[in-house]
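Student: Chain residues, written in single-letter form:
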Amino acid sequence: MPPPDTAITVHLDDLLAARGLTLTQLAALVDVTVVNLSVLKNGRAKAIRFSTLTRLCQALDCQPGDLLRYEP
Amino acid sequence: MTRQDWTPLRPLTGLARGATWVIGAGALIVVIANLSAMGWLPGTGTSPVCVERVCTTDPTTAQSIAGLGHQVPQALFGLGALALLVRFLRTAWQEGPYADTVPGRLSTLGWFVLAGAPAAELLHAVSRTALRDSLLHGTPAGWFTEWRAGFPWWSLAAGITALTFAHILTIGVRMREDLEGTV
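Here the protein sequences line up with chains A and B, keeping their order.
Mind the numbering: the first sequence is residues 1 to 72 in full-length UniProt numbering, read in order.
Mind the numbering: the second sequence is residues 1 to 183 in full-length UniProt numbering, read in order.
Hints are all accurate, no fakes.
Now the in silico label distances, taken between C-beta atoms and shown as ranges:
hint, chain 1, residue 1, chain 2, residue 2, range
1, A, N42, B, I168, 23 to 33 Å
2, A, E71, B, V86, 40 to 50 Å
3, A, N42, B, V86, 36 to 46 Å
FYI, nobody ran anything at the bench for these hints, they're computed from the structure.
C-beta atoms are modelled at their ideal positions from N, C-alpha and C, and glycine is treated no differently.
Produce the complete structure using the sequences and hints provided.
Tutor: Here it is in structure tokens:
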């Protein structure tokens, strides 16, 4: 669920399932804490750094659009 | 200038600068007036120095109440202001300066100082005038003149400063929340 003032949804769940990865494994790959990844996964993040997005895209072999979606 | 561009530091800086000039000019006038009263300036003579001090050993109830009102409001104001200051500092110390509750505490202190000091001075002036009227005949000034003469201008500056910093802290709290939500 996106934060109340945005219409951006995060689809980390789908990508993790498709790649057969757990949140803990991804956290180790992208050097972000599990807590912060959980915040992102559950749609409670207010912003994402380009550096984090780059590492996520590298680790999951995807485009930013696969991870984030605009759903008004 | 849009609302986004507005910063409370600009009016505060202007206010402080203006106040500095006014206080500086006032201090210079006071020094010159005192030198003149002492006869130290050319063409001036010594002026009498007077102070009002009247006591009664057998006060009526009204005089006792006025005597109370002459001293208690300012003491209560000081106590209240200190209590609010301690509450604000303790919250900032325990929860961090950018906790949600800190701007509200500082804002409460600001409003209390802004309104409380003039209110306490008003009670002081009214009580003092009532007491003086009951003890002396032909008193020179009413309560409003007394209040105006003793008006705590510092409380306006202190209150507005506290409210301004509370506003700055509110922005800081929002920034902290944004940072905490950044992955």
